[in-house]
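Asker: Here are the chains, one letter per residue:
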Amino acid sequence: MKSQIQSIGELHLNGTINSYAQIFFSQDRWYAVILLTVSMLDYRLGLGGLTAVVLTNLMAHLLGFSKEKIRTGLYGFNAVFIGISMVYKFHVNPALFVLFFFSVILGFMLTIWFETLLSKYKVPILTLPFVFTLFVVDLSFKTFTHIQPILPFDRFTIVLAEQMKVPWYNAVHFFDNTEIPQMLYFYLKTMASIFFTDSILVGVIVVIALLFHSRIKSTVAFLGFFFAFVTSKMMGVDIQQLTQNLAGVNYIFWGMAIGSFFIIPNAYSYLLVVGLTPVLFLFYTGIENLILNMGLSSYTLSFSLLSILLLFILRQRSLNRFFVFPYIQYYNPEKTVYKNVNYMQRFGQETLFKMQLPFLDKWTVSQGYDGAITHLGAWGKALDFVIMDEEGSTCFGRCAQKEDFYCYNKPVLAPADGYVYTISNIAGDNEINQVDTRKNWGNTIIINHLNGLYTQISHLKKDSFKVRTGDFVTKGTVVAACGNSGRSPEPHLHFQVQLTPEIGAATHPYPIGYFFEKAK
Amino acid sequence: MKSQIQSIGELHLNGTINSYAQIFFSQDRWYAVILLTVSMLDYRLGLGGLTAVVLTNLMAHLLGFSKEKIRTGLYGFNAVFIGISMVYKFHVNPALFVLFFFSVILGFMLTIWFETLLSKYKVPILTLPFVFTLFVVDLSFKTFTHIQPILPFDRFTIVLAEQMKVPWYNAVHFFDNTEIPQMLYFYLKTMASIFFTDSILVGVIVVIALLFHSRIKSTVAFLGFFFAFVTSKMMGVDIQQLTQNLAGVNYIFWGMAIGSFFIIPNAYSYLLVVGLTPVLFLFYTGIENLILNMGLSSYTLSFSLLSILLLFILRQRSLNRFFVFPYIQYYNPEKTVYKNVNYMQRFGQETLFKMQLPFLDKWTVSQGYDGAITHLGAWGKALDFVIMDEEGSTCFGRCAQKEDFYCYNKPVLAPADGYVYTISNIAGDNEINQVDTRKNWGNTIIINHLNGLYTQISHLKKDSFKVRTGDFVTKGTVVAACGNSGRSPEPHLHFQVQLTPEIGAATHPYPIGYFFEKAK
Amino acid sequence: MKSQIQSIGELHLNGTINSYAQIFFSQDRWYAVILLTVSMLDYRLGLGGLTAVVLTNLMAHLLGFSKEKIRTGLYGFNAVFIGISMVYKFHVNPALFVLFFFSVILGFMLTIWFETLLSKYKVPILTLPFVFTLFVVDLSFKTFTHIQPILPFDRFTIVLAEQMKVPWYNAVHFFDNTEIPQMLYFYLKTMASIFFTDSILVGVIVVIALLFHSRIKSTVAFLGFFFAFVTSKMMGVDIQQLTQNLAGVNYIFWGMAIGSFFIIPNAYSYLLVVGLTPVLFLFYTGIENLILNMGLSSYTLSFSLLSILLLFILRQRSLNRFFVFPYIQYYNPEKTVYKNVNYMQRFGQETLFKMQLPFLDKWTVSQGYDGAITHLGAWGKALDFVIMDEEGSTCFGRCAQKEDFYCYNKPVLAPADGYVYTISNIAGDNEINQVDTRKNWGNTIIINHLNGLYTQISHLKKDSFKVRTGDFVTKGTVVAACGNSGRSPEPHLHFQVQLTPEIGAATHPYPIGYFFEKAK
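Protein chains in written order, with our numbering: chain A, 1 to 520; chain B, 1 to 520; chain C, 1 to 520.
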């Protein structure tokens, strides 16, 4: 068992790394480390970003928000942008520390708020918290006389002088004056501008690393940028603008989000990126001009808004034609495509009966198919479930009583509609590490799903049944509570699908893994 | 059977025409044709509007959105305004084609988005998509150097010269210098400004046609305008402003929407228009001044917002006193009033037991009350239901098997709360065009609604029953599936209300038509 | 029985008084009278506020909105600010009367709208309606040439001359030039600015009265102000600004709302006020600068927005750690703390079984525990419920028939999940003032809650049972209707908790008062 400090350390290490990976809709550790390193090439900016991420994740942890979301970097990735841009915009002084700290808090509050609000509509928050936090900062700093913005002139004198002090300065800016085609030049510059730098080398590293990470993402990122470039030319807009204030980054994120992440990549998703990039361009220009007078920049607001708008609309369709939402997010378009094609080949022709897991929240499989302990031979296609904590333990305290086990007395749900065929309420709970082999299955429920399938759930708590034999139960109905009866040394659930209604029937190798939904 | 091309053509013809009718909250074909014609008097603007409508409806069709909404012009009527105003504002050149096309797409996206969002609160979207699309265009075009706005000076030279080339120019502007009372003059001008023209003749045509279409709408439209006029005078505001940028149109739409369309016209709805017009005036002025600095105009934003706000508030009341929402929208205030008065006279005193239709979505009555086939004599007050497609066919493919029929195996719902009295699960499905006269009613369910009423639903699918005799079912519970059993040559549902529980009892002439709700 | 006019008069008297009390999150009558009096010291402003409140409450009453909310001042307290500020900003003339009247209507519409929208998320509307109404007024008045704003110069000549005419002017401004510490000076000024006056005396009165009203509120109000003061100094912002346009009022309201009202006061709620005041400061400055260009002031917008944002976020937590929401709002932090501590001491260790009241809406206890009529001895822990109107009567008209009684035939709900153990459907309804002592309990239902508790509900309507013996009912299921059977001289419900299932068992002294929830 790992110590708690180790486990907290790991959580925050993962959370920090993944906050960088999330910028490119990824969970790839190595790619994230490259991005973090690249952000450190201008170490002041890099430290700003890192500090903001760490602060945000600590706050989320302390206030008891979802560890899963901390770990995957969902809370932290907006903080990267907030942190970097604060240091990019202002001279470092004591007042900036105060402003920085409270801006990060505001960003965190907005993250939670947007997340709760938008998750009801099943759309992502993208960079909205970053953009609105920066709006507040951009609007208020003029009033704070102790805050000193870095003026354009300062940037080319004081800041540059400061940057040139680092030994690797010349290496980083080595390529800046190389002759390269205009389009490529602007693409690299735009990629670099994600980290608020104008180094061509940074752009090159990010682009090459992205190619290694995912060819599909590289394609759609470039596709978005390319059509923004073309639209600029068509409408007579200065190309230079794409590299400033994250303007061009909108199109790169847009391409990845719509072309490969929130929609399973296919010809239609590519077409969507191409066809709507001019709309994004129009949208961006409108928003930018709206807030220009207030001395604001819209950063990645237009990408975020239009993506949310589009995903919201697509979710309203009754038929998921052309644009398919990934069922499980693999954070990797190639894998998403592979899994989806594989899924369609295996199950595309048939309509399979969908079940849900027979419990709420997240449980862990403690003994899988053909498990070594009891899932043997004709009884092999069964699953045992327990609840585990972060350290992989199924219990707390002394683990001496059934009440010390997380899953004990937790509700058990009907995996699908059906009639209750059998309820067996015969056995008391065992002492921990004792088993009752005479009443092997303990208290059990069998549900007849009326399509030739029966499900059996065993080791339930005595007298916990909420339904009676003959009742029609709908999917998700609470039928009983998890117990420790029968051949069960510690509280767990035994779950199996079978073709006949008797308790302990041979298991049926039903491909449930593909059809389980997480209970809401 | 009509060919598919014909049916698509008809859909889009209706969709286009009704998009114009919707401007005046109507579905009157002839009135719509007059409006379309009037918009064509300045043919460039007219073509702009028409193109935008056709494009929008095609897009909605292609992406699989509701045909019903395409047909009634709900998607298209914002496009009329978008199309006309784009051509009104800018010189036509290749860049404008691009801008026009993508603005129409943006308008469509906003239409879907607002519709989904606001329909949850049961309030309409009105002209919000048009207004927000124009905001984006108005804000962004200055950045697009290839787009040339029509400056005021241009309008009075280049554009006017262009307009004067059409042979009917003098006819259209014949009345412009006639002496008419100030109030009437501004009313006609404002009506004309809906189509972005200043021709008095256009105003006259629209006003007269509206009078023929509906006296009530004419009254409330004028009422809204009149009190805006009075408020202008009282607060010392220049009247001229009402004819520009759809300013005065706000009050005309407001009068029609609140006084006659979303609320059943009565003395209170008129009072509401009168009493709140100054509030709209205040609201309009505030919004207009807010966005003036950004070089924007608010068009019909204030009418849309205040109407939505008001309808939302009125929907929150527990008691529908004074202001009554029409149960069915007839798109014609006279008919709405007539139906409502009629309804109150027939049923106002009693409380009738409300049922819902025993299925989801939209089905068609294939044999009505006292139908010629089997609904005879004491069994006359029954209804047969099937699902029909656009061409009026009840099946697809070769129509040789029961599975080819749209309604086959569709869920059947309990029309109201009650106990399941009888389930008769005796007959297999017939071959198509065969009937089983021995088991006349086929598989049947009878529900006892506990108030002396029973409902019978017949010809159900064998073994499809989801409930058992004695179960208490709530309104909308799925009880079985549609089948083809008994005297049924093709899958359909037989539905009747009766006073006794036996299968095949005499029907009861219950006024269900008035009390059926569409299942959600 | 009070006359109806009296009762309406009382409603509006209470509604008016409480609208003032609500400003300080209170329901304290004497404190409210002091605030009203203080607002009248500049009688023109005071009358403006009072008129707006009375108008708003009358409108709410006439349109049939919640009397409870009228009485507690929830509709009116925004009107206080609207009324006072309108008179503060403009010279009084006929056009102002029009503007005033319709602004109050707009404010009322926004109150209803925000209330409906935000109550879904269980967050308060605070001063949003006032702020948005003022935005509309501030934006539009320039267009109204008949409206004359009071310019700064006017204020120091014409208005001051007018104010000085009142005999108590010198008394009110007696302290204005007294030497007091800077922080206290600004605190008093800010408190006075709530009523748009700069009199130190007003500040002193409000602060002292607040001290008498609640020490906790006084503390958190000052805490909010103090840390805003400190942040101002740190960021280099002019302190003078806190006393203008309700700027500093934001922090006072913020302190009271977060530190003592919406969250039960404890060390953490204080820390929250302290820790987030700089965020509010940042937020305020951002919003203020955003709308400065439009000539607007943000008043108390930032306090309202950030409080709503924060409360929304805190409500999303799965665990109510640190910050606890009060179960019942006592409008008095001392009482809230006392009740909460008391509650934790009594029930904090155990998990009690939560029931809900067995009816919808609001009923009144007509005979409580150990009631003198029939709740005697071992049967003492029972409750009788009826519905009463505003005058305390349980019936209308001649009160001669059971149908004249408000509660008759109203639905009766299961107070918690359980099996229906007994249904006794034996007795018809009595004539009014007759009792049926042979069938003492009348028609009765007993529900077995499976945890050793049974509930009995008696005097139900014959044949009104919606469930059958043996049915499993969930909390809130309609089980029957209220009747007048058994020992019941007029329709009412008898409700008791018992440990055994027989009808008329001895009652169990279950602390249901603490665990009843109001049915939604």
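If you are wondering where the hints come from, they were derived from the structure by calculation, not from laboratory data.
Every value quoted in this text rests on a predicted model; they were computed, and no experiment measured them.
The C-beta atom is built at its ideal place from N, Cα and C for all residues, glycine as well.
Just so you know, not all the hints are guaranteed correct.
Unchecked claim - Label pairs and their calculated CB-CB ranges: (1) Glu390(B) x Thr422(C): 53 to 59 Å; (2) Asp361(C) x Glu391(A): 36 to 42 Å; (3) Ser119(B) x Val435(A): 54 to 60 Å.
Asker: None of the hints should be skipped; say for each whether it holds.
Answerer: Each hint tested on the structure:
{"no.": "1", "hint": "Glu390(B) x Thr422(C): 53 to 59 Å", "result": "57 Å, holds"}
{"no.": "2", "hint": "Asp361(C) x Glu391(A): 36 to 42 Å", "result": "50 Å, violated"}
{"no.": "3", "hint": "Ser119(B) x Val435(A): 54 to 60 Å", "result": "57 Å, holds"}
Violated hint: 2 only; the structure is consistent with all others.
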